[in-house]
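Here are the chains, one letter per residue:
Protein chains: 2
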Amino acid sequence: MTERLVVFTPSGRRGSFADGTTVLEAARRLGVDIDSVCGGRGICGRCQVEVSEGEHAKHGITSDATHLSPVGEVERSYARERPLAGGRRLGCTARIAGDVVIDVPPESQVYRQVVRKEADAHPIEIDPVVRLYYVEVAEPDLAVGTSDLTRLREALEREWGLTRLAFDPHVVRALQRALRARGPEPRSSGAWSVTVAVHDGGAVTAIWPGFHDAAFGIAFDIGSTTVAGHLCDLRTGDVLSSAGEMNPQIRFGEDLMSRVSYVMMNPGSEKELTKVVRGCLAKLTAELARDAAVDRDDVLEITLVGNPIMHHLLLGIDPTELGGAPFALAVDEALRMRATDLGLPVNAGARAYVLPCIAGHVGADTAGVILSEGPHLADEVTLIVDVGTNAEIVLGNRRRLLAASSPTGPAFEGAQISCGQRAAPGAIERVRIDPDTLEPRVRVIGCDAWSDEPGFAGARVTGVCGSGIIEAIAELHLAGILTTDGTIDGRLAERTPRLVANERTFSYVLWAGEPELTITQNDVRQIQLAKGALYAGCRLLMDRYGIEQVDRIRLAGAFGAHIDPVRALVLGLVPDCDPAHVTSAGNAAGTGARIALLDRKARAEIEDAVRRVEKVETAVEPRFQEHFVGAMAIPHDSDPYERLSSVVALPPRSGAQTSDRDGRSRRRGRPTTSRGTA
Amino acid sequence: MTERLVVFTPSGRRGSFADGTTVLEAARRLGVDIDSVCGGRGICGRCQVEVSEGEHAKHGITSDATHLSPVGEVERSYARERPLAGGRRLGCTARIAGDVVIDVPPESQVYRQVVRKEADAHPIEIDPVVRLYYVEVAEPDLAVGTSDLTRLREALEREWGLTRLAFDPHVVRALQRALRARGPEPRSSGAWSVTVAVHDGGAVTAIWPGFHDAAFGIAFDIGSTTVAGHLCDLRTGDVLSSAGEMNPQIRFGEDLMSRVSYVMMNPGSEKELTKVVRGCLAKLTAELARDAAVDRDDVLEITLVGNPIMHHLLLGIDPTELGGAPFALAVDEALRMRATDLGLPVNAGARAYVLPCIAGHVGADTAGVILSEGPHLADEVTLIVDVGTNAEIVLGNRRRLLAASSPTGPAFEGAQISCGQRAAPGAIERVRIDPDTLEPRVRVIGCDAWSDEPGFAGARVTGVCGSGIIEAIAELHLAGILTTDGTIDGRLAERTPRLVANERTFSYVLWAGEPELTITQNDVRQIQLAKGALYAGCRLLMDRYGIEQVDRIRLAGAFGAHIDPVRALVLGLVPDCDPAHVTSAGNAAGTGARIALLDRKARAEIEDAVRRVEKVETAVEPRFQEHFVGAMAIPHDSDPYERLSSVVALPPRSGAQTSDRDGRSRRRGRPTTSRGTA
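Protein sequence lines, in the order shown, are assigned to chains A and B.
Residue numbers for the first sequence follow the working numbering, so the first one is 1 and each next one is one higher.
Residue numbers for the second sequence follow the working numbering, so the first one is 1 and each next one is one higher.
Isolated chain A, as found in the complex (with noise of 0.2 Å):
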């Protein structure tokens, strides 16, 4: 019999084959990536490929469509249904008549990439947990007496050499139905045929009659304010669809420790604040199944991120423990369970992950941002935080890896702030303050254009947000208002009606309409209090590692998307850094949930970093008071700020007794960088 060579690109496998092989069976002997759910019947059109035409010195190979079999039945079948791209062929059907040279588009491989629009961050592997499989199964025969499962047992191991699966109870239970029922139109192929899914190689979780090729996952993302939720295609990667909802155990405590409080006050009713939040991912469940048009029954697997009090609500266990010292966790090894265990509408057998927790305030959801982010993959050194109620902070690079949370309060989501709201429309998001004439521009959620422009007309002002409140302070500062140790300078008031006196101390009018938006004395006490807490944390975990700077700085959460490089630098938020490395990491902790959804590999990976990160607890850390007390000036006491200073002149270090109303020095306050002053 004639030998062909064939190479396959963008493997670059070659191998010789009888005339007649088909293309599957050849990239399966060579270990090519070839996708196929079906078996290689025609039904599935996974496997397309296609012929690299023409001379290919390199190989040897003079390659023309011609050197594979014409388009039979089956193949012009499968056309008729779902148009082939040109020059696309079933891999399955097309066999081998010449040297040829074969590609594989992505979209026929099983392992591919997701490409993020994020920068810096790497692609996401697919590489579900979950897989699909056709198969055609024997019918009973009196005289040989085998079950329906053995005989489908048979078939999995025959096909597709998968041997000591599990079956779930409702698999056995649908079983002898599914193998009797035809399949839906029209690639059927009528009965004794199933499709079934196989969950980590081992169990049989869902069974189809017949061809059956859809199979979802959503990642879902429990912060204390929202629950978001992304659906996604187990095979693609692609997100079909979004949904966010109010956390509706918001009723019982707007921040996470008035939650913990109301349980301690309430014994028994953790019971209540579970039931709400799976009532939630209930609810967007079936929102994204609709808004999708995804089949709830097609939804296959759950991941979920969440802090530690969201995590041990979602189980059931009560968090009282987490709200006082130790702190100690109930679990924090990820877990894996019934999706139906948390009331999910989705498949009976669809299973879901709960990424690991790493201590009694760093949640899931960190290791979200982990899992998203990369720290343990890097040389460079990455410093992570993501500021809530508590900021978590993670430094490190692929040698070590710590973490921390820091007790920040609420100040930074506009809690205890006079004017503070929560991140909404209406909130004053952005804020400049010119330093000659003190008059401020701002940014509203929901408008694009400042205040001085002419868009912004009729929009609505309601408070400032957390973002807005730290560009607030830092412009306050540049703008040579706010002292290096915090004061509201009153004695600005002769240049400017803005700064009003409130007793001993000043204010100043962000917003003079209605309502009257001021920040207080008190309201920068608040802020200083909690990015006081933040650096320190933050500089705990460089002087455990033992480092003076870090490579990069990524702000995760939504609070890090909105905020200024420069100014959460100006205010001292952060440690020293050059402000092009600070940047925004986006929704890492989301995007980790679904990088956990997609590949599986990924799931062992952070389970092990997990395991590996060096727990720093600030209460017990005699540094945290001094790096406190230090980190309370603005940007501080003694940390000159170097890089920042590099790029951006700072305002001399000052107290109200020195401040300079020089208009050159004012000047020298305005960021510089090529980033432009926004």
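Hints listed in this document are in silico derivations from the structure and should not be mistaken for laboratory results.
For every residue, glycine included, the Cβ atom is placed at its ideal position computed from N, Cα and C.
Keep in mind that a hint or two might mislead.
[As the list claims (entries may be wrong)] Label-pair distances were calculated between CB atoms; the ranges are:
hint: 1; chain 1: B; residue 1: D127; chain 2: A; residue 2: P10; range: 54 to 62 Å
hint: 2; chain 1: A; residue 1: P184; chain 2: B; residue 2: A191; range: 52 to 60 Å
hint: 3; chain 1: B; residue 1: P267; chain 2: A; residue 2: E3; range: 55 to 63 Å
We have chain A already, so just place chain B on it with the hints.
Relative to the frame of chain A, chain B by itself:
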């Protein structure tokens, strides 16, 4: 340090140990089987030992109670709550102080045997799949920051060498409180100690605060008519309570096939049949626990057997496929699931194990019979017959095992017999007919006296059950009233008024009271058909094995328990065998469930045995009909029943025209075995 010689009995293991080593530690180092739940803390009292005092020349030791350390406070404290039998010591506190011979009594061993009442039965090994472990867990420490679960894992590994454990979700939820609660008095050692149940060495399925010493299991036998359960102590193997209930599915059909018909006629009704049988199991569970004064939450393991239709309905699988060829089981392999998946009111972590089915009509009940009877362990060839609507037949030995079912119909259960009824009080179960007077004597269920004895006076007689019909027909044959071909010989009507004409045939009045009970010619035909089918099935298996006779026959089930072996052979119910080797196996299916409950190894054993069973489908075997026709005669058309004849003088082969009225020859027809005639 002084080394002492220690010998353990009954194992005979010996070794040298330093003065002060505990007996438990010495035993563990030598691999001597001593139980312990509390890990050597003097709490559980499982490790009790006794010094074998005196001169042990064989070991070269003079052993004395003083060669163990004096009784200390821990031991005294234990003994105050639970006095120690004379001379008993706690192995975990008693320390080696001299050369000593130590006896480990059976109740202190983990692995032991339960000797069974049944003749010929091998003892049950106790090696339960669930074991309890007590551990003391480190308290949370802010500086270390490990979770409760991690510290519990550490304790289980440190104290018991248990690693890679999976934790049930409900255990993860319960963990926090169990660790912080004090265990029950008096053996509590305060918070931070728990007892966990570990299933099959791999899964933590339950947790209790403090020390917990109770673990129970229930073995269920789901019959078409009766559902029976036995609640056992998983440690000792003792049956603490037994209970039975009428199978509530009876309202959907008296026998199996009528229930299948019901489901066929009423699609979807299988859900109702599943519900009622599960409800029955739940009711029995509550009853068994109450009778044994056991907390249902301490029931950790369930095993179940049943015929294929009961098996499928239990699992929620439509049994319709079992109602017609090819009689395809949906599932035959052994199944493991949560007991709560079957709706059983037991511990949330309890597991259920359903024994494997063998073929379309040979179910998990037959697997239980095999496990109980152990034909696969013996050299001799055993034939096991379990008679119901279908007869299940198993034949073989350690080399080969064959199984079949034979369609006997319900005649053996009293159905289709004019005077037939189910085995219940009032049913005639034993019959003797005097060959001279042709007068019968009977015994009924619920009365120990024969009808010609004074104790019988006033006993209610309502019908004839299966064993009664078999005895009646065998006795009619032995008395010369019934010919070899199964005709009631009307010529004897002149000798007895009990023979009455009925159109063209004769009947025999077995009971002349109210109601009058007669054996009609049609009744005889029904039994001939049934026993012919049973015999033919047995012969088919013997043909397949290639043997002409079997070494022993075991009659399983309630029916088998009441059949007199000689009369079963006279009827030709089973192939010829020495009557001394035809015995009842009792409720072997239920015993098999109990063995699977108590001995984890038995599960692998029966799964392996079932996999090796050669299934014979009587319906497709051409020789079945041939064997069936020959077996219609009494005892058989051509088989001389030589082994039966050597102990019982059978009537000469005859048709009605050759019947011998000579007294001597009639006397030859009486049994003369040493086992007596009544």
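Hint check for A191(B) and P184(A) - Cβ pair distance inside 52 to 60 Å: Between P184(A) and A191(B), where Cβ atoms are some 58 Å apart, the hint holds.
Consistency of beta-carbon spacing, E3(A) to P267(B), with hint 55 to 63 Å: 58 Å, holds
D127(B) versus P10(A) beta-carbon gap, inside 54 to 62 Å or not: 56 Å, holds
Taken one by one, the earlier hints all hold for this structure without exception.
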